[in-house]
Amino acid sequence: MSTTRSAEATSASARSPRRSPSRRSGVRGREAAAGWLFISPMIVILGLFLVVPVLMAAWVSVSDWTGRGSPLSSTVGFVGGENYSRLLADGGLATQDFGTAVRNNAWYVFLVVPLQTALSLFLAVMVNRKVLRGRGAFRTAFYFPSVTSSVAITVLFLFLFSASGAVNKGLSYLSITGPNWFADARGVVHVLLGALGVQSGPAALTGNGFLGITWWSWISGPSVAMSVFIIMAVFTTSGTFMLLFIAALQQISGDVEEAALMDGTSAWQRFWYVTVPMLRPTLFTVITLGLIGCWQVFDQIYTGTQGGPAKTTLTPAYLSYQSSFEQQQWGRGAAIAFVLFAIIVVLTIIQRLILRERDTVPRRKRFIHPIRTGESGAVPGAGAQR
Amino acid sequence: MSATTLDPARDSANRARELRADRSARRRRTGTFFVYAVLLMIVLIYIYPFLVQVSTSFKSEAEAVASPLGLVPQHWTFAAYERLFLRSDYPVWFKNSVIVTICVTLGRVFINSLAGYALARLEFRGRGLVFAGLVAVMAVPGVVLLIPKFLVINQLGIYNTYAGMIIPLLADAAGIFIMKNFFESIPRSVEEAARIDGAGPFRIYWSVVLPMATPALVTLVILAFQGSWNELSHFIVASSDPELRTLTKGVAQLASGGLGQGLQYPLKLGAAAIMTIPVAVLFFVFQRRIMNVTSGAVKE
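Protein chains in written order, with my numbering: chain A, 1 to 386; chain B, 1 to 300.
For reference, chain A alone in the conformation it holds in the complex (with noise of 0.2 Å):
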């Protein structure tokens, strides 16, 4: 066997120079050997430290691995879907630990969504105006939070939001006494109804719950606490994003605009029925960009509040982190991960599903092209030929 195959080699190797005698083909070999010698740190890399982690983590994450040694060595056990279970189906403190992780992470993103894509577009259409003096300062002004990093913005807010800081000053010339806001658990919407008389929930929602805390505690609203993490969210990104919508709006044609002035439609009916079914496909990129990023929030937290006051900061990826690191739980860390991702996932497919729907635009009339995402379909050369 191994006598003909080597045969057939040789042959093969004989005939090829015969077969394709151009010296083309010459070149075209050493083109192939040079494209995957070109790109093969990139993927010692990418694989190294994206695909293999991915796969060791799906194995610790079924495995009772406490960090000693390798995960891959022997006398680690396979338990199954039992950190999974313990996660999202017992009840007991990891479950409960994760249900409020999701809990204060799903307030941080129904709130930090919309604002910041509200927010970013207004200041786009505020400094895409073309009459308006200074826009390149504005525009400095308003992007600049977005350049520093997460640390140093959150030691900053830790200040300005501290019992006796900035905003609380601010808020005192107002005569209004402002909460010690980074330890202060209390939700925001269970502040409100306690302000209209409601102090605890109906038994319908103290009595059922799910992922181990109630449906009440569901919609306690972000803590005092979270809602500064909000604050500062909306704060660091709108800037991105007002860019990426500047650059939508500086592609809308002029005429369309005029045609609708010449309509006589008010400044606020062309912004509605005009400007935004335009922008759609970076309103649709800002969204996705901000969900996705909304779900990652660690940075903040780790600096922050490490989770508290009363778990109320806690997200899915600090206890992923905190359930590895600090309690050496790897295989729980590993499953939280795991079911992170999932979420992600599942909400990015029902954002486009939803968004989808509702497009009336069709397809050809569109004047912007849809992008892949912010700042990875970015073509330099535009910014070149400035």
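No lab work stands behind these hints: they were computed from the structure.
One thing to keep in mind: the hints can contain errors.
With the C-beta cut set under 10 Å, the calculated list includes, among others, these residues of chain A facing chain B [stated by the list, open to error]: (1) A137; (2) G209; (3) L243; (4) G254; (5) G293.
The following label-pair restraints were derived from C-beta to C-beta distances [stated by the list, open to error]: (6) A/G194 / B/L40: 34 to 42 Å; (7) A/L205 / B/G126: 37 to 45 Å; (8) A/F210 / B/L86: 50 to 58 Å; (9) B/L86 / A/W215: 53 to 61 Å; (10) B/E184 / A/G194: 57 to 65 Å; (11) B/L40 / A/T265: 25 to 33 Å.
For clarity, every value in this text was computed on a predicted model and none was experimentally measured.
Just so you know, even glycine gets a beta-carbon here, dropped at the ideal spot from N, CA and C.
Given chain A, work out where chain B should sit, using these hints.
Chain B alone, transformed into the frame defined by chain A:
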């Protein structure tokens, strides 16, 4: 115009139109004033925190708590900075951040441009597959990979080394896309001349195409520098050695009470302000380009 018209009805109509135009101009002027007022107020909200940050770092601790809004310290003091630079590990953190950032930036520029060129220009079997794999990899959120990355770093025995902190950060699918897109925009004829002269693929890449790609490379440098300078989560899982602590990690621990008792706002804000300076300088130097990096995304 109205002087040339003889018809009195048309004349009055014109006057009415002028009047209306005048009124709408006035309305537009008040509108513009309103726009400026709103914008300036938002600018104040966006910039004031950073001004407060810098000024507070020069205040005494008591003053930082007593007047958190004041922009000019009543008594200037450099105590926070003295403490940071002379009696803390801050210089070590800074050094580590510089080392990691430079290595990651250079490494990414080389690897991404090489891979981007191969994907854009060189024809080899499996290219489509590699590209599809790249797209799939990009879809995985970074935070999900935190624990998994630690497992591999640990397994490879590069935990608590610079290698463990730097090499995983070289994986950057977005940068490869940027380079690929750019190389595709360069006309092929540029390379033909070199090819006829007998230059190999690496030579063509290195001395012909790469020098032409400066705009894209600058973009890549900006993104890589900002990304690795501001990176936190990867360093948390890649090292625990205090000697290898970077600025982000060090300042994050400082924020949660790393350097002794008290609130220490001037110290913390000073530490955060200094770590912002390099990216701020980068931002102001390459401002126009940064703005276009993001806005370029929409121009396919």
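Hints, verified against the model:
| no. | hint | in the structure |
| --- | --- | --- |
| 1 | A137 | holds, 8 Å |
| 2 | G209 | violated, 26 Å |
| 3 | L243 | holds, 4 Å |
| 4 | G254 | violated, 17 Å |
| 5 | G293 | holds, 9 Å |
| 6 | A/G194 / B/L40: 34 to 42 Å | holds, 37 Å |
| 7 | A/L205 / B/G126: 37 to 45 Å | violated, 56 Å |
| 8 | A/F210 / B/L86: 50 to 58 Å | holds, 54 Å |
| 9 | B/L86 / A/W215: 53 to 61 Å | holds, 55 Å |
| 10 | B/E184 / A/G194: 57 to 65 Å | holds, 60 Å |
| 11 | B/L40 / A/T265: 25 to 33 Å | holds, 28 Å |
The structure fails to meet hints 2, 4 and 7 from the earlier list, while all remaining hints are met.
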